[in-house]
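Colleague: Chains as they are written, first to last, in our numbering: chain F, 1 to 197; chain D, 1001 to 1490.
To be clear, the hints were calculated from the coordinates, so they are not data collected in a lab. Please note that a few of the clues may not be correct.
Here are some, though not all, of the chain D residues that point toward chain F, as calculated from beta-carbon distances under 8 Å [what the hints assert, rightly or not]:
#: 1; residue: Arg1051
#: 2; residue: Asp1140
#: 3; residue: Ala1197
Computed, partial: chain F to chain D, Cβ under 7 Å [what the hints assert, rightly or not]:
#: 4; residue: Leu138
#: 5; residue: Glu141
#: 6; residue: His176
#: 7; residue: Phe182
C-beta: ideal position from N, C-alpha, C; glycine also.
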Amino acid sequence: MIPRHFVIALVVLLIAALGMSLYALHMRNSVAATPVAPVDTRPLAPPVSGPREPVTLYVANDEDGSLRPHAAQIPLPSGRQQRAEELLQALLTIYLDKTSPHVLGGGSEVRSVFLVDPGVAVIDVNGAFADTHRSGVLVEELTVASLIHTISANTPGILRVKILVDGKERDTLAGHADLSDFYDVTAVNQLTTQLAP
Amino acid sequence: MRWTSPSRNAQPLALAGVILLSAFLLSGAAPEKHLSVYSVAANYSLPLVQREGRDYVGLLEVLEPLGKVNARSDGARWRLRYYREEADFQNGKSRARVQGRDMEFPGKFLLENDRGLVPVSALSVLLPKILGGPVTLHEDSARLFIGSIATHFTASLASDNPPRLVFNFTAPVNPMIAAEAGSLRMTFSREPVVAPASPTLTFGSKAIPSASYNESSGLAVVTVNTTVPVIATFSNAGRTITVAPPASAAAAPSPPSAPNAAPPSPGAQTTATPATSVPAPAPAVAPGPTQQIWRRYFAVVDASHGGDDRGETLTPALFEKDVTVALARSLRQELESRGMTTLVLRDSDANLSVDQRAVFTNADHAAIYIALHVASAGHGVRVYTALIPSGEDDRGPFRSWPTAQHAALPLSQIAATAVASEFQKRQIPVRTLAAPLRPLNNVTGAAIAVEVAPQGASLAQLTAPDYQQLVTSAVATAISSVHDQLGAAQ
């Protein structure tokens, strides 16, 4: 014979558990119904200040599969690493324009550039950069060569470049261009000669 | 204690009886069965065990010579990892989970002392999924071919006097040769020789009327029926075997046996001449300065992508991986019609990593590796050589994997230039470029990649047989023009 007070306690606990489950379900539905604000992609850092300097960006052109020098004036900070980041930001601004000769997917970003002695640059792009990139040997090669040659031509002392995606190593950019190894800047410079219009 | 005495006397007799009985039983026991496995990486033989009336083999043992593999058991489960591919088996079940997909295979998986056994008949189902390439099983003869590895042969009778029967093989061979009364038998234990179109060949000659092919117990045997004593001689670096009566048969009835010639069987008549043979060059594991390279295929054609890696999505229903296979098959036909033995690395929709592609090519010492790609962007054809990444230096005989192509790059550029030149002749727009494209930089011989884009705006041209044949015949013609340079390089 089960004591009566045990039965009462059990019933109370069951009612409490049922009530909490209903409350949790209600809360979950409320959260799902709440509109989520879109991710704010505006830069958190203040606009770059510094004198505008002439630089040469190397812009890919899909029409003839070439890499063309493009003279530009952009504000550059004094720090070497920040300058490298600004160079690539300026390059991406061109590629994100819908009239660009080598369009990159929306949301493509260069997250950061690290300059590590001796002579190593690490370019970290975001996932959208690789995930939305078109697939093909030439089209991927143009992007890689454009990034590397732009940064190495305007930042003396870079000998090797590594490209990461979301801070991690990735096999290829979009199925072809190898991202698993360090790029030799001298070899990329020779490639740039081949890619000249 | 008197009763112990006869027992002591009987002990030596009983022991002798047991030994004799064991010897009798062992002498009458069936020979241990073996599975012969042929692959680009290695040729090897594995013992088979009988379970539930079927031939079983250890799956780990099959895969170990082919690459990086490990296995662990967890109760009734047995997990296998081959490079990045994983397979999950359960003891007593005929279902496995390979690369995340369930699949059935004939027979049951057995787990014995942490050793995973599968029926031999299941290998043709399991291995293509695990290895990512074609596998052919000759179950009756216990011969397993991994990849397009088979060595084919033709036999033709030269109507000289005396007549000569000439066997031409697509790769060097070195069979065991034995002569008996009225026949000469060539036994291929290490070579992946496969049957000709007809297992029995007739020649209409009185001296050499016929030959036959059969295979069993992991061996392939070609038997030449003769009415006169014959000898076998090797030429063409082991690719050609000529069977003919000796020039001075009457004067010298018993020429000395070659080192690899089997002694005549006890029943052989003394009138038969033991065959002589010149051994083919031994397979070279690694190239040395004066070592002769053993090469099974002149060219390795790689249909890029495959399996989960679809390459570029050309249209919603057309992927790069499908077009590259069609191009690869066409290129193999074009190369072989010009006399160059060719291996297509991926001849089905299989996963094959870039490392595996390079390993297969390097293991075979192919004279040239040709990767095929297809693109919607641009017009015409792009021919690529490796853009060597920044890597470690070679250490002694060991080459740095990322820069393995370095020494062969000039040769690759010769091949790329020849291919580009041929496209120009055919008025197809072409460019030669370096590219950061694996596995070009991991291949130790000449290596190029060909990226085919349509000449006009229509992507339908990529699947048009005429355009594909135009492209592949141009590549084959170009490779043929530098054949000697490529072939002599190693």
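Colleague: Which hints, by number, does the structure contradict?
Modeller: 1, 2 and 3
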